[in-house]
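Chains as they are written, first to last, in this note's numbering: chain A, 1 to 107; chain B, 1 to 119.
It is worth saying that the hints were derived from the structure and are not from the lab. Where hints are given, some of them may not hold.
[As the list claims (entries may be wrong)] Okay, the calculated bits of chain B under chain A, using three or more residues with CB under 8 Å as the criterion:
#1 82-91
#2 95-109
[Unchecked claim] Straight-line C-alpha distance at most 27 Å; calculated DSS-like pairs for lysine-lysine:
#3 K65/B with K43/B
#4 K42/A with K52/B
#5 K52/B with K65/B
#6 K65/B with K103/A
#7 K107/A with K52/B
#8 K43/B with K45/A
#9 K42/A with K103/A
#10 K107/A with K45/A
#11 K52/B with K103/A
#12 K45/A with K103/A
#13 K107/A with K42/A
#14 K45/A with K52/B
All C-beta atoms, glycine included, are put in the ideal place defined by N, C-alpha and C.
The lines below spell out each chain.
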Amino acid sequence: DIQMTQSPSSLSASVGDRVTFTCRASQSIRTSLNWYQHSPGKAPKLLIYAASSLQSGVPSRFSGSGSGTDFTLTISSLQPEDFATYSCQQSYRTPQTFGQGTKVEIK
Amino acid sequence: EVQLVESGGGLVQPGGSLRLSCAASGFTFSNYWMNWVRQAPGKGLEWVANIKEDGSEYQHVDSVKGRFTISRDNARNSLYLQMNSLRAEDTAMYFCGRGLQVSPGIDYWGQGTLVTVSS
């Protein structure tokens, strides 16, 4: 199986901050990488698909980049509703594996 | 509005069975791959299974093969996960998700149903 490693596992930030998360695949997955936002009690939400495509309805402050094994998700200006956990998922090969998540907390 | 509502979770003893359901609305169910994903307490998300639009193809993660079966009923706009021989490590929140059409992924998710396997 392809292993997905996210860093950091958590971070503290303030409203208005620019934050960047990273996701590394154990082998090349080209651009078959999705990013999700999730919180307890809420349905997960797709933010970015195919590494850099913004899902419809997702604010433009979210952006994704990368290819091969290294990927990033950036939030250009953190908003109160963005405090959540962010997980990457590779869809290159079955099983579609997820990273362990990065939790964003209020500083 | 796309809606996915899971049901069927609960407390079950090791070795027991449960059948999860996911009721879909707000879209043409028969046009989409569907998925089950789970999240164990304190752990990350884990993809469990998916099924093609017409049910002719499906895949399961190795850890549930031979114990879990994904299925769907397009006439009822419903997705199912039959879970047999349950183990403590199957304890998790189970989400159903609609497959993204333009690229592999999951574009809409339900809020989940909790499965607890314990004696």
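Each hint, compared with the structure:
1. 82-91: violated (count 0)
2. 95-109: holds (count 11)
3. K65/B with K43/B: 21 Å, holds
4. K42/A with K52/B: The hint holds at about 26 Å.
5. K52/B with K65/B: Status holds; Cα separation ~17 Å.
6. K65/B with K103/A: This hinted pair is violated, its Cα atoms lying about 31 Å apart.
7. K107/A with K52/B: 44 Å, violated
8. K43/B with K45/A: 18 Å, holds
9. K42/A with K103/A: 15 Å, holds
10. K107/A with K45/A: The given pair, whose Cα atoms are some 23 Å apart, holds under the 27 Å limit.
11. K52/B with K103/A: 32 Å, violated
12. K45/A with K103/A: 15 Å, holds
13. K107/A with K42/A: 22 Å, holds
14. K45/A with K52/B: 21 Å, holds
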